[in-house]
Structure formats: C-alpha cells, structure tokens
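In order, the protein sequence lines correspond to chains D and W. Per the working numbering, residue 1 is the first one in the first sequence, and the count goes up by one each step. Per the working numbering, residue 1 is the first one in the second sequence, and the count goes up by one each step.
These aren't lab readings, by the way, just hints derived from the structure by calculation. Misleading hints may appear alongside valid ones.
Pair by pair, the computed Cβ-Cβ distance ranges are [unchecked claim]: (1) R44/D <-> A4/W: 20 to 30 Å; (2) S202/D <-> V90/W: 53 to 63 Å; (3) T98/D <-> G87/W: 47 to 57 Å; (4) P160/D <-> G87/W: 37 to 47 Å; (5) L16/W <-> P265/D: 51 to 61 Å; (6) G79/W <-> Q244/D: 51 to 61 Å; (7) L16/W <-> A109/D: 47 to 57 Å; (8) V67/W <-> E95/D: 43 to 53 Å.
Counterexamples of contact, computed for chain D against chain W with all Cβ distances above 12 Å [as the list claims (entries may be wrong)]: (9) L200; (10) Y250; (11) L272.
Positions of the beta carbon are idealized from the N, C-alpha and C atoms, including for glycine.
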Amino acid sequence: MSGGERPGDRPRGGAGRRPDASMSLITELVQRPLDPGYAEAARRRGGAARPAAGRAATLLALALVGAVLAVAAVRADERAPAADRGRQELLARVEAGTARADELAGRAAQLRAGNARLQERLGGAAASAAAARADELAVAAGAVAVTGPGVRVVLSDAPPDATTGTGERVVDRDLQVVVNGLWLAGAEAVAVDGVRLTSLSSIRAAGEAVLVDYRPLTPPYAVEAVGGDLQTGLATTVAGRYLQALRDNYGLGAEVEAVDELLLPAAGRLDLRVASAP
Amino acid sequence: MIAAVGLLVGVVAGVLLQPEVPLWLQPYLPIAVVAALDAVFGGLRAVLDGIFDDRVFVVSFVANTVVAALIVYLGDQLGVGSQLSTGVVVVLGVRIFSNAAAIRRHLLKA
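Pulled out of the complex, with its shape left as it was, chain D reads as follows (with noise of 0.2 Å):
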C-alpha cells in the first residue's frame, strides 16, 4: 500500500482518529481496497523467499479462479443466446424456404415454355384454334407478362408512433380493396411486389405479414397494375375513396402514380383443372 497520508492509512488511535472511523465503510473500501493483510504478512516475514508449499497453493488458488471463469463464461454462452439462436434459426430456415421456392418457380417457368413448345407442334385446325383461344385468355389467366402503361400504387405503413413506437400498418385487406378496385377500373393485369395476380390468387395476412400467393411481403408494398387510364378509374371506385381514408384517419403512405412503361411478370402458378379431349 502506497500513499500513507490517506484519511485510512492513519494510525489506530490516538489524536488523528476520526470520530466515525468505526463506521466509515465507504472510505475503508475506496482509499484501502487492497488486503491489509499483504502489508502485514510482508512485514512479519521482513525480506525472505516465499515458500515452496505457499507457491503450490497460490497455483491451485489461481487454476481454480480459471476454471470458475471458464465454467461461468461457458454457461452464460449455453444459457443467454438460446432464445437468439432459436430466432436465428427460424430465420435462416425461412431464407432457406424462399430460396427452395424460387428455384422451384424457376423450374415451373422452363416446363411451362416446354408444354409451350410442344404445344405448338400439335396439328389440326381444332388444336390451331384452341392455341389462338389460349393466346386470347393468356392475358387473362397471368399466364404471360404483360408490358404497357398503368399506375402504380404504393402502400407503406405509418410512421411509428412517438409514445407507443408502433404505428398503423397496412394489412391484408387494404391491399385487397385496392387491388379489387384496379380490377374494377380495368386494369389487364395487377402485380403486387411483382407477384402477378390471377383470378385464383390470395392476399392474406398470417400473423402481422401480408402473403401474397402464400408469398410473405415487406412493406411498402408496390401494387402495380397495365390498363388505360386506371389511374381516373381508380379515383372513381370505392377503392379510391378507401385509399383517401386510409392516408387520412390512419396516416398510412398511400400514393398513386401513373407510369408510362410497367412489365409486369407472368404468374408463377398456372393449376390446369379441367380438361377435354376434342
């Protein structure tokens, strides 16, 4: 202990005690933290070497505080995280899910331009004219991507609230409504995040995520639909006044635009469920 003019350090007794000496917990643990014992142990032994059997036992002291860190530290690395790597798990088998969906997709896309081909070398009238029926409804059914003017409608959630940090977010049926609408503005086709719509598919919410095409969505969410003048026709419907309502009482981003080039891809899914021989 160095420094032997602390309040602490003063001698036991006599003129320099302080009254609250007894009691004065604080100060023994700031100014003395060291144990008083090493002073004194070092001052009965005045100089000598250490003993063999004492060095022994300090090693023992010291493997044992090792392997109490070790043991603690490994625990808390078993214990803490468990929740965490759950979540890290559930995550990466969600990435791992979508990814096994896409390359299925992708391989659903090449079969189709196979029957395609096939198709095509089918030949008689009754088969040319069942092709030329099909391209009709191709449009239609999502069964091709469409190019062409149309509007684009984005939806975002609120901005969180400043007390309670959430905010209104946009659910399942606000995108419905406003895809019923372009469909009733005549719109040809409507994508949502670039999932083409069919007369089949699904928007719903599963917990607090959109699913389009049992596709979860992230917001904003682009809907974006080919058509003449969609953007008058839209204005004109319920959806419309939906979307007014949606910007003004909940504060949801609800904005539409007009755009002069829109690709909007072929539909993943093409289920073929009846079927007759001519």
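Assemble chain W onto chain D, guided by the hints.
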C-alpha cells in the same frame, strides 16, 4: 509467470472438462466469479507493490468467496437474495475497480 500458468491451466480445465454446475450452486456462480476476480486483482496489485504473500492470497480468496456465498445464501433464506447479491457485487466491484486503478498507475504511471 507461474501465476499466468495456473490461470491458464484453470481456464483450459474448465473449458475442456465443462463440469456440470449443480443446480443449488448456480446462484453462487456469478458471486464466485466476482470474488475470484477480486482476489486476482488484489494479488496482482500486491505483486506490483512487492508485498505479495501466498498465504494471504489463498486465504483471502477462499475467505472472500465463502463470505460472499454465505451472504447470498442468507439473503436467499430471507427472501432478499438478489438484493444481497447486488450488494456483494457492488462491494467487490468497487474493490476490483480501485485495485485495477492502482495496477494501472503501476504499469502505465498514469
């Protein structure tokens, strides 16, 4: 030197063996960690002061750990275990801090 070896041996043993901590001992693990750190920093400071003594080191380490554990045990029985744990951690933490500051003054002269 020998101290570092002992510490290293302990850490390696703890990591390799991964002894299962019994359930009744688990509340005392954090206290043991803080008491152990206190002993190590106190010992290191004593070494730098040139007054290190094996007996004092071992006895103070064991005694501090036992007393800290006793206080926590008593607190558990009285229903204020977490508060007393906090108290022990604060007291030992202040000591660790001052010892670390003294060590810093020794080593860095600052």
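We went through each hint and held it up to the structure:
| no. | hint | in the structure |
| --- | --- | --- |
| 1 | R44/D <-> A4/W: 20 to 30 Å | holds (27 Å) |
| 2 | S202/D <-> V90/W: 53 to 63 Å | holds (58 Å) |
| 3 | T98/D <-> G87/W: 47 to 57 Å | holds (51 Å) |
| 4 | P160/D <-> G87/W: 37 to 47 Å | holds (39 Å) |
| 5 | L16/W <-> P265/D: 51 to 61 Å | holds (56 Å) |
| 6 | G79/W <-> Q244/D: 51 to 61 Å | holds (60 Å) |
| 7 | L16/W <-> A109/D: 47 to 57 Å | holds (54 Å) |
| 8 | V67/W <-> E95/D: 43 to 53 Å | holds (52 Å) |
| 9 | L200 | holds (56 Å) |
| 10 | Y250 | holds (44 Å) |
| 11 | L272 | holds (59 Å) |
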